[in-house]
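A.B. asks: Chain by chain, the residues:
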Amino acid sequence: MSLPLHLWEIKEHIREVALEFGLDPFETIFEIIDYDQMNEIAAFGGFPTRYPHWRFGMEYEQLAKSYEYGLSKIYEMVINNDPSYAYLLEGNNLVDQKTVIAHVYAHTDFFKNNYFFSRTNRRMIDEMANHGARVRRYVDRFGIEIVEDFIDTCLSLDNLIDYHSPFMEQRNREEPAEPLTETPQIRAKDYMQDYINPQEFLDRQKQKLADDDVKSRRFPIEPEKDIMKFLVDHAPLDSWESDVLSIIREEAYYFAPQGQTKIMNEGWASYWHSKILTTRVLDGSEIIDFADINAGVLASAPGRLNPYKLGIELYRDIEDRWNKGKFGKEWDDCDDLQQKISWDRELGLGREKIFQVRKLYNDVTFIDEFLTEEFVAENNMYTFGYNNKSGHWEIDGKQFKEVKSKLLDQLTNFGNPFIYVKDGNYKNRTELLLHHKHLGTDLDMTYARGVLKALHRVWKRPVNIETFFDEKGLVLSFDGKEYSESPTNYERI
Amino acid sequence: MADLSKIKQDHRRFKQIVRGKIKQNLREYMTNGEMTGKQGKDIVKIPIPRIDIPRFRYGSKDTGGVGQGNGEVGDSLGEGEEGPGKGEAGENEGEKGLEVDVALDELAEIMGEELELPNIEPRGTERLQTMRSKYSGIRSVGPESLRHFKRTYKEALQRQISSGEYDPDNPIIVPTREDKRYRSWKETAMPQSNAVIIYMMDVSGSMGEEQKEIVRIESFWIDTWLRSQYKGLESRYIIHDATAKEVDRDTFFHTRESGGTMISSAYKLALKMIEDDFPIEDWNVYPFHFSDGDNWSVDDTAECMRILTDGLLPRSNMFCYGQVESPYGSGQFIKDLNEKFSEADRVVVSEIKNRDAIYDSIKTFLGKGL
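The listed protein sequences correspond, in order, to chains S and E. Residues 1 to 493 (my numbering) make up the first sequence, in order. Residues 1 to 370 (my numbering) make up the second sequence, in order.
Treat the hints with caution; some may be incorrect.
Claimed, not checked - The calculated label-pair distances, taken between Cβ atoms and stated as ranges, are:
#, chain 1, residue 1, chain 2, residue 2, range
1, S, Phe-142, E, Trp-185, 54 to 64 Å
2, S, Pro-487, E, Glu-325, 51 to 61 Å
3, S, Ala-133, E, Val-174, 52 to 62 Å
4, E, Glu-325, S, Glu-482, 49 to 59 Å
5, S, Tyr-483, E, Lys-8, 56 to 66 Å
6, E, Glu-99, S, Tyr-483, 22 to 32 Å
Derived from the structure by calculation, the hints contain no laboratory data. All figures in this text were calculated on a predicted structure; none of them were measured in a lab. C-beta atoms are modelled at their ideal positions from N, C-alpha and C, and glycine is treated no differently.
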């Protein structure tokens, strides 16, 4: 249902204020829906329709239950699309709705302007519907069991993509040149030959040629991170299977930037709903209600990092620092605490800076560049871990370096392990070999087995992954019937 | 706008899958008793293995994370497997999967299908009646909140037409006090078939924790099945060593005595219970007795047989005896029962060697449809 007149007027007002502040959102279409529709759309990841799959039903059941028991409700939902669509929950009070509308405009501004969203499909609503239609057609032909089972398989692999690949030039796959038959040497006059091309040099050249030859027969030539693509290109799939795999891959890439910018995106939206509402929209009678909602949004629980809270605080910190000139060499070199506290160069560059940040950064670079020692101390940030002796999760440190590096670890690659396809013709038996780039944390082996099973379903030949587990190199294999483990000389790529 | 039927379809698929998983793993659920601890009034929480999608991920407890808020180094953030933060940290070796709520009725249905249990034909007529009030009546007095608009309107219309006050061009109906009609309740008698399960257990020294756990799991499944068959189900609990007493459910599973064993004491008490509280014309009676098969004396065993033949069997739908194996018990009792009642249809015995045998034993007990 489209907005009733009074909400439409409020929405227009908020939009104008947002534009005056310099926000540049997509055109945003608001609809007002009841909680059941909201749960439905939320279960579909924000879209009105998706391909048929049980996990949406599971999601729906959980949302519906937790709403019924009064544990949670979804206030808003917005889709990265041009025009953007946003949903308001019917029956929310007016201050809720105002907060949500302002929040949504900041999101759609972020979608439109953040670099990492620049390659996403802005007609995704249509595309999702299209995916739905295609999958339904396969369901009609092959039956829900078969199709759904294959979707499960693909979903097991949907984090095996390369988040940077939308921004890379397509690698040109050059036709391999005719193999050289002669050892290349530097041109020299006859009498200089022994000096310019001594025997050692020629041997080395020969060796290099042989190495190149071996390398060029490797498949893939370099380890590839976009395993989904590798499978679409090379796995022996039926055409419908190949299509389903492509669909899952495409959707994974569509959702990736939202995962990459969770802190920034929610922080940005929270920053602006606060700013817009408290300075231009609310009257005195509404401010308590707003504070109540806002406190809920920014609340943090022990051992949990609230991206809304971390994001908004970081933007505010950046704004303050650039307003006062707390950056650059002089600031960094200053050791005088008193001077640092009262530092103010009155530059007034804060607003401009945060707009630049929302354009160019993602969570990893955002944290890497703007999380300062002062910020970590001020915001009581800590690292925690599991204490095997006590059986408790415990705060284990408040050191800036550790907080930052742990946070970056969690965000990099979404906290997923780095997995590459290393060899598509492993043992010269068209087996598949993946490589886990071990960065200090072992894989969960139960899950790894599950994934190998899915991978085998796609590759149809034995699949292997080399990893480092319990201080030892290890190849885990699945041949379609049984798992096996064998030691290997693990060398990180 | 979202097409309502689509999410409903996905939801139905999810339910189907859950049901399939339960069916497929029923034997496992019956063996490990994991779900019996998470029971509500009408539902039970069932952990569904591997319904989540496996993806490459890090082993859990190595990771930890970053948090924000008050607290000093060393402060606890919470205990156990779950870990703080959602999903990122510490799920039990990734095996845990998902917990879903399943209605006990549905569980019974699945159980019935999988174990091929026949429905029970309740004994006797449904003579026991419960009174239920239903709002199906109409009265001329009552609170305004229960006013029946349509009926009131009809009355007023009737009156106005018959008294000539009704004007078709200006059809205004004004009900008077006499026109008003109100909803009211009526008592209806609902016939109902009732059943009582009398659990008896040997708690003498030779019954260990594991044996009791087996009994506990068995009783959960028996309850679940019989509840689906009878509207009103009651359970009573008797423990015995050399003497017997009635206890509540909790005590039943947690008592350990050290004395000798006289099974007849329990049978006597059960018989008395039936005679006092459960007249056989109104009740379907299910005595279940669990022991390790060790009885005090041959005399007492003879006494047991006598009570069974003359007292318990004529009053019960069937009599079930489950013998759990313990390192101390002689296991003689089941042989005696078999010898004596090999012809009797309504005596069902089952030897439960270990947890794996629970499944078959339930099937034996409930497979007769008595």
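A.B. asks: Could you run down the list of hints and mark each one as holding or not?
C.D. replies: Each hint, compared with the structure:
no., hint, verdict
1, S:Phe-142 x E:Trp-185: 54 to 64 Å, "55 Å, holds"
2, S:Pro-487 x E:Glu-325: 51 to 61 Å, "43 Å, violated"
3, S:Ala-133 x E:Val-174: 52 to 62 Å, "58 Å, holds"
4, E:Glu-325 x S:Glu-482: 49 to 59 Å, "35 Å, violated"
5, S:Tyr-483 x E:Lys-8: 56 to 66 Å, "38 Å, violated"
6, E:Glu-99 x S:Tyr-483: 22 to 32 Å, "27 Å, holds"
Violated hints, in rising order: 2, 4, 5; the structure is consistent with all others.
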